[in-house]
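Can you build the whole structure from these sequences, using the hints too?
These protein sequence lines map, in sequence, to chains A and B. Adding 1253 to a residue's 1-based position in the first sequence gives its number in this note's numbering. Adding 534 to a residue's 1-based position in the second sequence gives its number in this note's numbering.
Possibly wrong hints are sitting among the right ones.
As the list claims (entries may be wrong) - The calculated lysine-lysine pairs, modelled on DSSO-like cross-linking and capped at a C-alpha distance of 30 angstroms, are:
1) Lys1331(A) <-> Lys1270(A)
2) Lys1287(A) <-> Lys1199(B)
3) Lys1335(A) <-> Lys603(B)
Stated by the list, open to error - According to the in silico footprint, chain B covers these stretches of chain A (three or more CB under 8 angstroms from chain B):
4) 1265-1274
5) 1279-1292
6) 1344-1358
As the list claims (entries may be wrong) - To give an idea of the interface, some chain B residues facing chain A are shown, with a C-beta separation under 8 angstroms as derived from the structure:
7) Glu561
8) Phe591
9) Gly592
10) Ile597
11) Gln600
12) Lys1074
By construction, these hints were calculated from the structure, which means they are not laboratory data. Don't be surprised by glycine CBs; every beta carbon is placed ideally from N, CA and C.
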Amino acid sequence: MARIDLLQGTLDVLILKTLSWGPLHGYAIARFIKRATGEMLQIEEGALYPALHRMEKRGWIGSSWGISENNRRAKYYKLTRKGRSALRAQTSSWQQYVEAVGMVLQLDRPEPA
Amino acid sequence: MSDIAGPRRVFRLPISRRAVYREIDAELQYHLDRRRDELIAEGMAPEAARTRAMAEFGDVAVIKHQCRKIGRSKVRRVRLAEMLDTVRRDVAFALRQCVRNPTFSLVVVVTLALGIGANSAIFSVLRSVVLTPLPYPEPGRLVTVWTPWEGYNFNPLSAPDWLDLKEGSSSFEAWGPLVPQSVNLSGDGDPGQLRGIRTSAEVFQALGASAFRGRLFAPEEGGTSVARVAVISHGLWQRRYGSEPGTVGRTILINQEPWTVIGILPEGFRFPDWGGLTDHDIVLPISLDPATQSRGSYYLRVVGRLREGWSLQQARAELNGIAARLASEYPETNGHRVVQIVPLRDIVLGSSPRRLWILFGITGLVLLLACANVAGLLLARNLGRRFEMAIRASLGAGRGRLTRQMLTEALTLALVGGGIGLLLTWFGSDLLVRFLPASLLRGERIRVDGLVVLTTCGATLLTTLLAGAIPALVCSGLAVGSTLQKGARGLTPGRMRGTLLGSMVVVQFALAFILVDGAGLMLQSLRAATAHRELAEPEKVLVAGYLQASEPSENNIQRDPFLEELLAGVRALPGVSQAGATTTLPLSGTWTSDLLSEGQEYDPDAVVPSTHMNPVSPGFFDAMGIRLLQGRDLAPEDQTEGALGVVVNETFATQRWPGKSALGKRIWANAPADPWLEAVVVGVVQDVRQRGLETAAGPGMYLPFFPPSQRNRWLAIRTAGDPLAFVPTLRQEFSRLDPHRPLTRIFTGNDLYQSAARSRRATTRIFGIFALVALSLAAAGTFGIMNFFVGQKLRDIGIRLALGARPAEVVWLVLRVGLFLSIVGAGVGLVGFWGVSGALQSLLYGVGAKNPILMAVSLLCLGLAAVAAAGLPALRASRTHPVEVMRTE
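This is the structure in structure tokens:
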């Protein structure tokens, strides 16, 4: 199966959704997204970090340093209230987008005006 | 912001770029290490695992760069937020302080509002009048041309001279003559007199004018034969023709003759004039026929636009070359005549830039005084707060922190003061227009624009620095010092602090002295200018103007039957004791001519002093109140050609025939080529000033006839009662003689003096207001400081009183300080005044800037202000109860 390039802005929704279950560090977010999408999405793991930092600056997620599973210091991210509402807004607009594109793709031909 | 701040922010640990970079590095490294370890655990060789992890990650350098960029902007944002937070807290603290001490804050705010408001008000006028360029394209290239005698100024051109100059010159892109001329407009609607101007197509070109509707003049419509075409103003088009589009092409009656309207000027277009820009309702082409016009008749004002890249000097050199040629060709008229070129701006603005800059300087002094005042008050208050400061310092506030806090307090007060000052300017600008001499304004409203607001902000910041810096620095230094150790003893201000407080008083009195003395000089000038009224009982004279309808004729000396009939009719009315007419009212300007008198020979090289020429009717002297000294009044037979009789003034008589009687002496025009005048003196009258109040009466002569070029008439009617009550009767009589002619301006002889003094009176008033403000500020500031001083010294005073000092001695002790400071201040002010007196002298009349009597009076004013200001604190000191003072310790 061909791998799909990630659309602009999609990564943000995926990260927000991932964090909605609890705080995680960057590496764990990357793993989770990879596994959840069945490795179908082409994500350059590094691209995760600018996205995380940008959202942190926007106030959607907060961060703090903690001890990870393998006993090392890692930076944990956590969804803020602002981030939660951003996730809701993005999810619904994403679904509308998908439906709209799907509707067009399912048409045989446009009805005459 | 809260998420970024976190606990780190609570403890105010520095957020630094480097720390952010370190975090990014650590985070990315963690990811790479974790992936590598996983791959090794899956059985990969360590080296290969590392490479694989890097590959999966992407370009590490690029991602690191992106993260750092985001981090940097985050740091900036946090720092800004922190700074704003500090400022907010400082301002909140400052506001609390202000509210806690409302009287103090009110005094400071009002003081600063006055200082800043006065400055921005004058600046807004300066901006509108002086700093705004003339409303023509590239106004820097516009100049005026004059042909005075060598060593003189501003003589207009004669038509033949102008044509010769134009013929020979290439300095100008376009240039042409302007001659104001009132006209009567009748036919459609009521007859009315209009302000008109005659000019040529080139003047429109030079001024960059284009028609709003229709067209302006074509070059062939002026010159020797004049087309009967007229351009009207936008205002006249709206007023009289109701903005009808069909006005262009319409025929109108000007001086009873049909002219065609060919164009309408754009809205707000105005012609340059002496001391301002003037609206003219109607523009007619000018006729310049060298065949009929004398070379000795100077009446053209010439305006021109210099060619691109030509300098004034080049144009002057070129025109003076032509003038030299004319001088040898026509020595009678053009000998010693030179060409003078003056930038148009200097003519239009006249003396207003100098006046306004001086006024601006005055308001600058007021602001400086306000600063010294506020600095003194802040210093006194902050010294009083030393204990509080000391406690804050001991709790860890650094000197910088305390200084910033006190500066913020000063800034808060200044901002409130500046804001109110700006509001004063905003709403007061209309008021200011009324206070200012009318000649200063270009008609437009005073604008309060961005630059004015910006200067106000600048003034506010400057004020903060001037008024806040010294108290802040001194007191923060004090706080960090050992105030707490000294305890109560430390509460007495040290010698240095006392001197500093005193010097604030000195500065205020020095500035107040300059302003009070200046105001005194202005008042004295106003008195000198208005004290002398040469006309007898001017309040009984009614003055009314109208325009003589007749077109110019060839014959110079001709009767004016309409005027004769009018005067005869008016004299016969009840309540009129005498009536006469002139073209040139006293104080209101005149024209001059060069005359030779009996005992002199014509000499082309001799410079003859110019004589004021005033055409008058018989009866004018009595009616206007000009005293006849010798001989008789003019009579109708003095108009006889070949036997003209004239009246001269005292100056003329004594200059020409010292020690002898002027009666029966002959005079004639200093122009053999054009002997337009030859007459015998029949009477001598007292001197009357012609050119305003502040130019002494020169030699003058009264002609018995009205030359055809002088078409305006001013009636002077001496009445028994209130002259204005006579106006309806006059109007009735006037319309009986000619129902189509309008009477124009009507006023009294008193108004002549009033309007001549208006500009000086207004300037004096502004000076006086500023001086009063300055004196009150200085007194208020001194009161504040002396009161503080007494408060701090209460313990000493109590001890003195306990030891048997009498209250009067205590009063004197305090008063002495106030008086001493005010005298030192006045001394400093005197020295300062010496420096600025040169600039002020140009505004004065009839009094020297270094007038010792006025200086003594000013000193007395300051002394009284000081006594008043120090008096209350002195009384408070004398009522000190020793026991109570001791108890408060």
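Hints, one by one, checked against the model:
| no. | hint | result |
| --- | --- | --- |
| 1 | Lys1331(A) <-> Lys1270(A) | 11 angstroms, holds |
| 2 | Lys1287(A) <-> Lys1199(B) | 124 angstroms, violated |
| 3 | Lys1335(A) <-> Lys603(B) | 23 angstroms, holds |
| 4 | 1265-1274 | violated (count 0) |
| 5 | 1279-1292 | holds (count 3) |
| 6 | 1344-1358 | violated (count 0) |
| 7 | Glu561 | 5 angstroms, holds |
| 8 | Phe591 | 4 angstroms, holds |
| 9 | Gly592 | 4 angstroms, holds |
| 10 | Ile597 | 4 angstroms, holds |
| 11 | Gln600 | 4 angstroms, holds |
| 12 | Lys1074 | 86 angstroms, violated |
Checked against the numbered hints above, the structure violates hints 2, 4, 6, 12; every other hint is satisfied.
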